[in-house]
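Start from the sequences, fold in the hints, and give me the full structure.
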Amino acid sequence: MTSADPVLIVGAGPAGLTAAYELVRNGRSVRIVEMTDHVGGISRTEMRDGYRFDIGGHRFFSKNAEVNALWQEMLGEEFLRVPRLSRIFFDGKFYDYPLSAFRTLWKLGLVESTAIVLSYLHAKAFPQHDVRTFEQWVVNRFGRRLFDTFFKTYTEKVWGMPCDQISADWAAQRIKGLSLKAALLHALLGNSDARSLINEFDYPRYGPGQMWERFRDAVCDRGGQLSLNTDAARFHHNGRGRVEAMSVDSNGNRVRQPVSHVITSMPLPLLIQRLDPAPPDEVLEASRHLHHRDFILVGLVLNRTEAFPDNWIYIHSPGVSVGRIQNFKNWSPDMLADASKTSLGMEYFCTRGDELWQSSDDDLIALAKRELEQLGLANATEVDRGFVIRQPMAYPIYDDAYQLRIAIIREYLKTFTNLQTIGRNGMHRYNNQDHSMLTGLYAARNVMGAHHDLWSINTERSYHETLDAKSMIATASPTREVAFHV
Numbered sequence: 000m001t002s003a004d005p006v007l008i009v010g011a012g013p014a015g016l017t018a019a020y021e022l023v024r025n026g027r028s029v030r031i032v033e034m035t036d037h038v039g040g041i042s043r044t045e046m047r048d049g050y051r052f053d054i055g056g057h058r059f060f061s062k063n064a065e066v067n068a069l070w071q072e073m074l075g076e077e078f079l080r081v082p083r084l085s086r087i088f089f090d091g092k093f094y095d096y097p098l099s100a101f102r103t104l105w106k107l108g109l110v111e112s113t114a115i116v117l118s119y120l121h122a123k124a125f126p127q128h129d130v131r132t133f134e135q136w137v138v139n140r141f142g143r144r145l146f147d148t149f150f151k152t153y154t155e156k157v158w159g160m161p162c163d164q165i166s167a168d169w170a171a172q173r174i175k176g177l178s179l180k181a182a183l184l185h186a187l188l189g190n191s192d193a194r195s196l197i198n199e200f201d202y203p204r205y206g207p208g209q210m211w212e213r214f215r216d217a218v219c220d221r222g223g224q225l226s227l228n229t230d231a232a233r234f235h236h237n238g239r240g241r242v243e244a245m246s247v248d249s250n251g252n253r254v255r256q257p258v259s260h261v262i263t264s265m266p267l268p269l270l271i272q273r274l275d276p277a278p279p280d281e282v283l284e285a286s287r288h289l290h291h292r293d294f295i296l297v298g299l300v301l302n303r304t305e306a307f308p309d310n311w312i313y314i315h316s317p318g319v320s321v322g323r324i325q326n327f328k329n330w331s332p333d334m335l336a337d338a339s340k341t342s343l344g345m346e347y348f349c350t351r352g353d354e355l356w357q358s359s360d361d362d363l364i365a366l367a368k369r370e371l372e373q374l375g376l377a378n379a380t381e382v383d384r385g386f387v388i389r390q391p392m393a394y395p396i397y398d399d400a401y402q403l404r405i406a407i408i409r410e411y412l413k414t415f416t417n418l419q420t421i422g423r424n425g426m427h428r429y430n431n432q433d434h435s436m437l438t439g440l441y442a443a444r445n446v447m448g449a450h451h452d453l454w455s456i457n458t459e460r461s462y463h464e465t466l467d468a469k470s471m472i473a474t475a476s477p478t479r480e481v482a483f484h485v
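For the sequence shown, position 324 (counting from the first letter as 1) is numbered 323 according to numbering that gives the first Met the number 0, and the numbering increases by one without interruption.
Keep in mind that the hints were calculated from the coordinates and are not lab data.
We treat Cβ as the ideally placed atom computed from N, Cα and C, and that holds for glycine.
Some hints here could point you the wrong way.
Stated by the list, open to error - Below, a list of computed lysine to any residue pairs in the SDA-like style, where the Cα atoms sit at most 25 angstroms apart:
id, residue 1, residue 2
1, 340, 281
2, 106, 91
3, 328, 37
4, 413, 281
As the list claims (entries may be wrong) - The following label-pair restraints were derived from C-beta to C-beta distances:
id, residue 1, residue 2, range
5, 129, 304, 51 to 61 angstroms
6, 49, 257, 36 to 46 angstroms
7, 351, 305, 30 to 40 angstroms
8, 361, 71, 57 to 67 angstroms
9, 450, 228, 29 to 39 angstroms
10, 337, 237, 52 to 62 angstroms
Have a look at this one:
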């Protein structure tokens, strides 16, 4: 290993490509290895029969000037300015997202609204102490009735586990700063220091993958190497805190390459299991208990010009399995091959090996058509064609013990001087796209002599968009509502 050896970057998603670009534009030698046949990770755009599908819906908005500058540098006039509209579908009705106190209580009716307010007052008078779970956090903040109505069913659909097994960190990160008291006062009195939700966002004309294809080209044009269908099999280190070489597998061949530094967005459990020599047993054991939620998108092309006005809708109805529905025409008309049609993305949250994940494509398309009609959004006979896209390890799960496991792994990784983990899966943290980019940007600068703490990069929802005090709740879902993934 010498200083002339390349920086090896594992993963060609937003974090890895941003790190690579920062390094090559500063004259450093870079090689990216990506185990799939595409760049962009979960932020890619898939094309089927000329129709483009965004894997989750990625709104481009950030308060970070460097991130915005990079986006503009790459796409410029290829960005569209898109109106923002998302709603919740529950019990046959649409509700504002985030929920507007007055309109929501009106739609729920006097009896249910009164029960919600009384439940809220009870929670404030008799709060739970030692709050550790998502359920406890939400009940304390909004009351049991509102939790049961708007949080429980949808959250458990998304995460596949009871709310009392999900860490309170998830709620604190995604819905911090919202207050039912403030919402009701604003609705009744009209007084508020309210700040506004963003009502427009940027979006690449041909989907988010267009951004990462531009990053790929910019890296390669400056001499960076990109190896697709290549797996980082082993991280060889000297036992004294330095990775000296990587073994990578491609086309059935394994090649060992010396490295100067390693920056990886590989899922944290896989990284730990591929270190050679192996880490201590407690570190390996911690990695084995970090879990992910997987994701299936069923793309449907409809024989109609319009479906609904939203960019996407959240499906809280417990009678169907679908969690969200994207309307790609409302992101960009150029996502469609035929302007007389509409394309939808029916999103299903699952776990590899479960019944949904193992279903055939034909069965999944039939399920999506049936549920679309069941929801009253379109007739199954209007579906012209369908496609299935599977995304493993889409969302890191915040269970009730994940913090302790992450702490054990982080403490061990601190012993390495030339190994950095970045991005959503590389840090087992629900980063949005701009935060993932920042971890890559700062990791690259650390290679060049800086001393950034990547774990201190802000991941709170309030960083991405300011919240109007009339907003009662922000749905606790794995969504890139403002910036960019699930």
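Here is what the structure says about each hint:
| no. | hint | verdict |
| --- | --- | --- |
| 1 | 340 - 281 | violated (54 angstroms) |
| 2 | 106 - 91 | holds (11 angstroms) |
| 3 | 328 - 37 | holds (23 angstroms) |
| 4 | 413 - 281 | holds (15 angstroms) |
| 5 | 129 - 304: 51 to 61 angstroms | holds (54 angstroms) |
| 6 | 49 - 257: 36 to 46 angstroms | holds (44 angstroms) |
| 7 | 351 - 305: 30 to 40 angstroms | holds (35 angstroms) |
| 8 | 361 - 71: 57 to 67 angstroms | violated (43 angstroms) |
| 9 | 450 - 228: 29 to 39 angstroms | holds (35 angstroms) |
| 10 | 337 - 237: 52 to 62 angstroms | holds (58 angstroms) |
The structure does not agree with the numbered hints 1, 8 stated previously, though it agrees with the rest.
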